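> Chain by chain, the residues run as shown.
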Amino acid sequence: AQSVAQPEDQVNVAEGNPLTVKCTYSVSGNPYLFWYVQYPNRGLQFLLKYITGDNLVKGSYGFEAEFNKSQTSFHLKKPSALVSDSALYFCAVRDFGAGSYQLTFGKGTKLSVIP
Amino acid sequence: SAVISQKPSRDICQRGTSLTIQCQVDSQVTMMFWYRQQPGQSLTLIATANQGSEATYESGFVIDKFPISRPNLTFSTLTVSNMSPEDSSIYLCSVRGEGTIYEQFFGPGTRLTVL
Numbered sequence: 732a733q734s735v736a737q738p739e740d741q742v743n744v745a746e747g748n749p750l751t752v753k754c755t756y757s758v759s760g761n762p763y764l765f766w767y768v769q770y771p772n773r774g775l776q777f778l779l780k781y782i783t784g785d786n787l788v789k790g791s792y793g794f795e796a797e798f799n800k801s802q803t804s805f806h807l808k809k810p811s812a813l814v815s816d817s818a819l820y821f822c823a824v825r826d827f828g829a830g831s832y833q834l835t836f837g838k839g840t841k842l843s844v845i846p
Numbered sequence: 022s023a024v025i026s027q028k029p030s031r032d033i034c035q036r037g038t039s040l041t042i043q044c045q046v047d048s049q050v051t052m053m054f055w056y057r058q059q060p061g062q063s064l065t066l067i068a069t070a071n072q073g074s075e076a077t078y079e080s081g082f083v084i085d086k087f088p089i090s091r092p093n094l095t096f097s098t099l100t101v102s103n104m105s106p107e108d109s110s111i112y113l114c115s116v117r118g119e120g121t122i123y124e125q126f127f128g129p130g131t132r133l134t135v136l
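Chains as they are written, first to last, in our numbering: chain A, 732 to 846; chain B, 22 to 136.
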């Protein structure tokens with residue numbers, strides 16, 4: 732079975748500082764990994780994905796994420812946080828080896844960027 | 022990417038009644054998904070709906086409670102039947118992008134409150 736853990740319920744960071752939102756995963760095969768963002772009263776918006784290739788992937792709004800196979804992690808990062816980045820962030824995984832299209836989501840991390 | 026709309030955006034319903042949520046996509050898609058996001062929780066897959074076949078329900082969800090229709094490649098409905106306060110959630114429609122096996126796109130969600 733596939734699973735995702737986001738160990739932090741909330742992350743607070745000052746505007747202009749770098750931010751990291753942590754994610755670890757568990758799959759039996761090769762992982763497809765995703766980050767989504769949810770703004771208040773909105774649906775999920777796709778940020779970025781890792782399928783294969785370069786371990787550092789770049790996505791929307793200046794976000795990037797680093798895939799680390801040995802640590803089974805896929806942490807979301809941004810060099811300089813904006814107040815508008817304040818939202819709920821979800822990490823998700825799909826197990827390529829399982830032949831399933833099902834996405835499994837983490838419980839989400841609330842990011843608050845303080846002016 | 023696919024543009025997804027849902028109706029209604031929100032509703033307040035009485036216990037014991039039913040609500041049908043509509044999902045419309047701006048392009049033809051094979052796979053559509055319905056998710057539930059309970060307050061403060063992550064997303065849980067309810068069912069996968071492919072056009073021309075019966076929906077496939079995840080463990081803990083049954084057709085009598087959450088009947089789904091998928092009459093064509095751009096539209097689906099989810100009905101929440103015989104509602105109770107425990108059904109108060111955000112219900113999200115999602116599609117797998119055609120031409121890519123990797124990405125899922127989400128609608129804005131329907132916020133349901135059951136009194």
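Do not take every clue at face value.
Simulated restraints, written as ranges between beta carbons of each label pair [stated by the list, open to error]:
#1 B:F96 / A:S843: 18 to 24 Å
#2 B:T65 / A:K841: 15 to 21 Å
#3 B:V24 / A:K841: 22 to 28 Å
No lab work stands behind these hints: they were computed from the structure. Here the structure is a predicted model, which means the values were calculated and not measured. Heads up, the beta-carbon is just placed ideally off N, CA and C, and yes, glycines get one too.
> Checking against the hints above, which ones are violated?
1
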